[in-house]
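Protein chains: 2
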Amino acid sequence: MAALTRTGLEALVPALRELVGDRGLLIGDDAAARTCDPFRHVPPAIPLIVRPGSTQEVSAVLALCHRRGQRIVTHGGRTGIAGGAYAGDEEIVLSLERMAAVEEIDPVGQWVAVGAGITVEAVQNAAAEHDLFYPIDLGSKGSATIGGTIATNAGGNHVIRWGMTRQNVLGIEAVLADGTVVPAMNRMLKNNSGYDLKQLFIGSEGTLGIVTRAVLKLLPRPRTQFAALLSLPDFASAIALLGRARRMPHLSAFEVMWNDYYRLVAASGPERRPLAPGQPYYVLVEAMGYDEEADSRLFDRFLAGAFETGLIVDAVSAASGKQIADLWRVREASEIIVREMSPFVSFDISVDIRSAEAFVEATRAALAKSFAHARTVTFGHLGDNNLHLGVHIGPDTMARETEIEHCVYAVLARFGGALTAEHGVGRFKRAFLPQHVSPGALEMMRRVRACLDPERLLNREVLF
Amino acid sequence: MAALTRTGLEALVPALRELVGDRGLLIGDDAAARTCDPFRHVPPAIPLIVRPGSTQEVSAVLALCHRRGQRIVTHGGRTGIAGGAYAGDEEIVLSLERMAAVEEIDPVGQWVAVGAGITVEAVQNAAAEHDLFYPIDLGSKGSATIGGTIATNAGGNHVIRWGMTRQNVLGIEAVLADGTVVPAMNRMLKNNSGYDLKQLFIGSEGTLGIVTRAVLKLLPRPRTQFAALLSLPDFASAIALLGRARRMPHLSAFEVMWNDYYRLVAASGPERRPLAPGQPYYVLVEAMGYDEEADSRLFDRFLAGAFETGLIVDAVSAASGKQIADLWRVREASEIIVREMSPFVSFDISVDIRSAEAFVEATRAALAKSFAHARTVTFGHLGDNNLHLGVHIGPDTMARETEIEHCVYAVLARFGGALTAEHGVGRFKRAFLPQHVSPGALEMMRRVRACLDPERLLNREVLF
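Here the protein sequences line up with chains P and Y, keeping their order. Numbering-wise (our numbering), the first sequence opens with residue 4 and increments by one. Numbering-wise (our numbering), the second sequence opens with residue 4 and increments by one.
Careful, some of the hints might be misleading.
Pairs involving identical chains hold if they fit within one copy or between any two copies, as the list cannot separate such chains.
Stated by the list, open to error - Taking lysine to any residue and the SDA-like style, the derived pairs with C-alpha atoms no more than 25 Å apart in a straight line are:
1) Lys-220 with Gly-142
2) Lys-220 with Asp-109
3) Lys-220 with Ala-361
4) Lys-372 with His-409
5) Lys-220 with Asp-140
6) Lys-220 with Val-105
7) Lys-220 with Ser-349
8) Lys-220 with Asp-355
9) Lys-220 with His-133
10) Lys-220 with Gly-166
11) Lys-372 with Glu-311
Read the hints as simulated data drawn from the structure, not as lab findings.
My request is simple: use the sequences and hints to build the entire structure.
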């Protein structure tokens with residue numbers, strides 16, 4: 004049995020129990036059964052998970068930990084892949100799982116107020132009951148929480164239309180490391196009454212405070228959906244096609260797959276091969292709107308124009324929800340990549356769209372020079388600058404992970420790219436952050452963190 | 004002649020001249036000829052304006068002032084109406100007017116990098132040369148600068164589609180009070196590499212640092228434009244109409260005019276009276292897109308549906324750019340309001356859309372109770388929660404400004420509204436901020452400001 008042996012914890016537990024009650028604590032095996040990593044079992048080093056049931060309890064727990072110098076790692080849905088939920092041997096875990104209510108929904112102002120522990124999917128479902136829509140959509144939406152997506156500024160497939168999580172949060176309530184509650188549950192689309200404090204917490208990966216509640220912006224639920232998978236003769240066509248797609252106000256996704264990705268996925272079976280492999284680029288375009296006739300006209304004209312100007316070689320367009328889902332299975336085929344490429348090191352970077360092709364080629368060349376059997380898969384949200392890259396160099400891939408990272412990030416730095424587009428820095432990319440932001444920016448980040456959490460009690464090993 | 008008599012300034016001027024040269028200084032009458040207020044001549048108290056020509060010069064000037072404890076007020080286009088550009092007798096002015104270049108424009112990634120002193124209109128023009136579009140549009144765009152609109156998170160008429168300035172800034176470079184340069188000229192739509200520092204500066208009204216350069220997001224330039232002016236029988240219809248309008252992906256404005264506004268403007272002449280006065284609400288709806296046929300179909304169906312369901316009493320729709328401009332002259336008639344209502348106290352607030360009518364009625368009732376001859380004009384961006392309200396109580400309006408403010412803000416606080424939607428707090432609304440944000444939020448704002456500008460050298464009298 005996982006035991007609480009560290010000195011000081013024996014005294015901490017009763018004090019915590021006083022604040023959050025029996026239901027608010029998971030100790031020993033119950034805590035050790037939890038994982039901090041979505042792909043493999045990585046329990047928290049100390050088997051102690053505090054689960055406050057209210058903002059007041061979060062505040063009391065943080066104030067207690069602050070007095071004792073006790074470090075804390077915050078848990079949302081633990082679906083992040085940058086190690087942000089890992090808890091080391093000086094850290095206890097605070098989970099928002101008991102604060103998961105839909106508190107209020109306003110169909111006129113189009114917002115919903117929720118507890119931070121609610122899942123993205125539960126928010127989507129609550130919105131749908133009012134014919135509304137929360138546009139942040141992730142593969143992990145059944146587990147990922149609103150608090151976690153706020154802390155990491157999660158993206159996903161619809162960013163090109165509706166932005167990242169940051170663009171979809173109206174207000175938050177957060178608790179600082181010393182227990183101070185910061186209520187900023189704004190519900191207005193426009194509010195310039197002082198600093199927009201929520202912006203500090205969004206994307207700060209839990210290092211500046213713990214988000215306890217949030218107000219999310221909603222949209223009218225789309226009634227139409229169109230999608231097509233296209234094969235392209237070259238990268239210049241992908242850029243030209245993106246320019247045309249951006250002139251559809253109802254464009255909702257523009258996903259590019261490099262040949263290394265499409266070939267791998269297409270080989271897995273005919274249902275993942277709606278178009279013949281062999282072209283250098285494949286693009287999944289999606290549009291969502293509210294008027295069947297106008298929307299289909301726009302989408303059809305986009306496809307016809309792309310054919311006429313030679314931007315696409317071949318196309319398959321979907322005529323039903325089932326067919327659209329099938330096209331998305333080509334783009335969201337992580338289980339095939341895991342099966343065919345493992346072990347692999349994954350990258351989530353942003354680059355100048357104009358040089359995305361050159362960046363990928365330079366990266367492959369650099370990998371080939373350093374590793375005898377390097378293989379890549381490359382895909383991403385090109386319109387958002389965001390590429391995902393998987394690298395496998397053989398059975399020793401994970402043993403040489405750091406070498407692979409150095410190799411890719413060195414090319415990335417040459418291209419002025421961003422270390423992480425949507426997955427965050429977490430623990431895993433922390434060592435590389437200083438190369439990818441300027442010293443002045445890093446200095447300012449340090450000042451802000453020191454101002455709000457001078458003892459670095461919150462997510463200490465994360466970011467920098 | 005305006006003279007530099009304050010002790011210490013005689014020594015400061017040569018030190019500044021050393022840093023920025025003769026061109027970089029305006030002294031005496033040249034400085035006193037400047038106004039800090041867009042409506043009347045309010046010169047800076049000290050006739051000294053520093054105009055650095057580069058980020059390095061801004062940094063050097065701030066470092067010098069920091070060593071000497073010299074306070075600074077930053078000037079952009081000085082079009083703000085909250086007193087943010089007022090400079091008192093312990094403050095010198097730093098103007099970004101010489102840093103106004105278009106540095107780079109990327110038609111593929113759709114962004115432009117500029118100096119902070121460039122005007123909004125110059126950015127719009129530079130974008131148009133590449134068939135691109137910068138959606139922040141203000142009456143003062145010929146004078147308002149990008150730096151100023153970033154510092155105040157400016158809004159305008161297109162927020163319902165494209166958001167506030169915050170949503171249209173990708174990166175910034177700023178200089179802190181001690182001269183530290185923070186380069187964060189991000190050009191990526193997705194970048195989660197550490198804290199998103201630009202968010203701190205946007206909307207902070209120059210209190211956390213001076214924005215010197217920025218990267219702005221651009222869009223494909225719209226090719227179609229539709230507008231209609233509608234009269235409505237009641238407020239419930241305005242809400243229902245807004246719900247329908249939001250289902251047009253190309254909706255670009257939804258402006259509501261209360262009867263007190265429309266009656267006043269309509270009385271000024273037939274060209275400002277496209278619809279008969281007498282209805283309680285008037286709405287200007289606008290849509291912009293890229294496909295004439297699809298876009299006009301959507302807009303026509305929206306109008307037809309509104310008629311059929313009885314949401315609108317009458318409508319006039321515009322068929323050309325000239326006609327659209329004429330409809331906008333009904334909504335943008337500030338010269339008529341100034342002529343017919345002056346003197347008046349103006350408010351820029353946000354309220355829950357559902358209770359906007361009740362708020363306006365409660366405000367009128369409270370004003371009528373306190374003042375014998377209160378008159379109001381009411382209009383705004385209802386879809387963004389944002390109402391503008393002008394109040395006139397007679398010749399003594401300005402003498403009793405504070406009383407009027409207390410009266411309106413007391414009602415606003417009861418309705419949970421926001422003190423300022425888009426104009427900012429500046430100096431003029433500073434006294435009211437503590438009533439409209441929570442103590443915890445205000446405490447966090449103080450901590451952040453103290454962390455970045457502990458001596459409060461930047462825009463000291465602004466915000467809080």
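**Asked** Of the hints stated earlier, which fail here?
**Response** Violated hints (numbers, rising): 7, 11; every other hint is consistent with the structure.
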